[in-house]
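Asker: Taking the hints into account, I'd like the entire structure generated from these sequences.
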Amino acid sequence: MSAAEPRHHLLGIAFVIGAASCFATMDTTVRYVGAHFSVALVLWARYGLHASIMTLWIALSRQRSFRSANPMFQIARGALLAFSSAMAFAALRRMPVAEFTAIVMLTPVVATVVARLWLKEQVSRLRWALVVGGFLGALIVVRPGSGLVGWAALLPLAATFSNAAFQIMTSRYAPHEDPFTTNFYTGATGVTIATPLLLASVADPVDTLLAAPAVQIGALLAVAILGTAGHLLLILALGKAPASTLMPFQYVQLAVAALAGYLVFGLAPDGWSWLGMAIIGVCGAASAWLNVRAAAERHRPVSAVQADTVAE
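For the working numbering, count along the sequence shown from 1 and bump the result up by 171.
If you are wondering where the hints come from, they were derived from the structure by calculation, not from laboratory data.
The structure displayed is predicted, hence computed values, not measured ones.
Each residue gets a CB set at the ideal place from its N, CA and C atoms; glycine is no exception.
Hints may be right or wrong, so weigh each one.
Said to hold, decoys possible - Across the chosen pairs, the derived CB separations fall in these ranges:
id, residue 1, residue 2, range
1, Q387, Q293, 44 to 52 Å
2, R343, R238, 18 to 26 Å
3, A230, P413, 29 to 37 Å
4, V453, A374, 42 to 50 Å
5, R464, A371, 38 to 46 Å
Answerer: Here it is, written out as structure tokens:
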């Protein structure tokens, strides 16, 4: 290890903590704007600005390109991520941010199930134990029948399965793509999907935006900026340190989500929720570490997008 590598690793850790903080803050902001705007409008703003920023970024760069080696991969991946975001935004209108974040942190665990069902991969007993442990943690968080969350817990679970499929697809195809090009198609595919949904659900989007108070417009822009910044920080983090070093720090998102939910909405997880969140964090971190190790054994690079535990 060279003398500069420890400094690079520390910088990578700082970037990934910043990304996790962006996603947790974005989720808190989505919960706020969800009381004023439809899911389709929030989704459109989120991906519209993302696409605009990445278009400008690539257009001004001499090293980047809009050309994709596998356009169908980009479309399928972007559609999975857009669906995850739609489910997440709908869930945040109905449940606390910390509990929502805990459920979507199941993504590395759920990826084991998706890989078994979709790719027929062999799954070790340890991985199945982590799957069972993660879902037990989720049950502790939502406590079916308690009235704390209710059916809304199915929304982040749907987002988690979609995100797991997104990550598996990304891990297999993204190494052949420039991460900035992939990030551009993330926004472009998302806004392409969100536009007809917006036009079908909102009679006059322009009038809706013009009639909204400035603070709500600012919050809507913040959702888009935080989402885009989070993805870019992940790309920068993976350029400074390996995924195995960065992965544990992504779970800072749980703590930031709990703090933001308390400061903005006065909602604090109870003792049972903290226990469930801790179980999910341990099982999720262990599953993510196994995923990273398996990718390293295949001698294939892990893309920045694979590091997303909450891809919104």
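Asker: Evaluate each hint against the coordinates.
Answerer: Outcome of the hint check:
no. : hint                      : verdict
1   : Q387 <-> Q293: 44 to 52 Å : holds (50 Å)
2   : R343 <-> R238: 18 to 26 Å : holds (20 Å)
3   : A230 <-> P413: 29 to 37 Å : holds (31 Å)
4   : V453 <-> A374: 42 to 50 Å : holds (47 Å)
5   : R464 <-> A371: 38 to 46 Å : holds (44 Å)
In summary, this structure violates none of the numbered hints.
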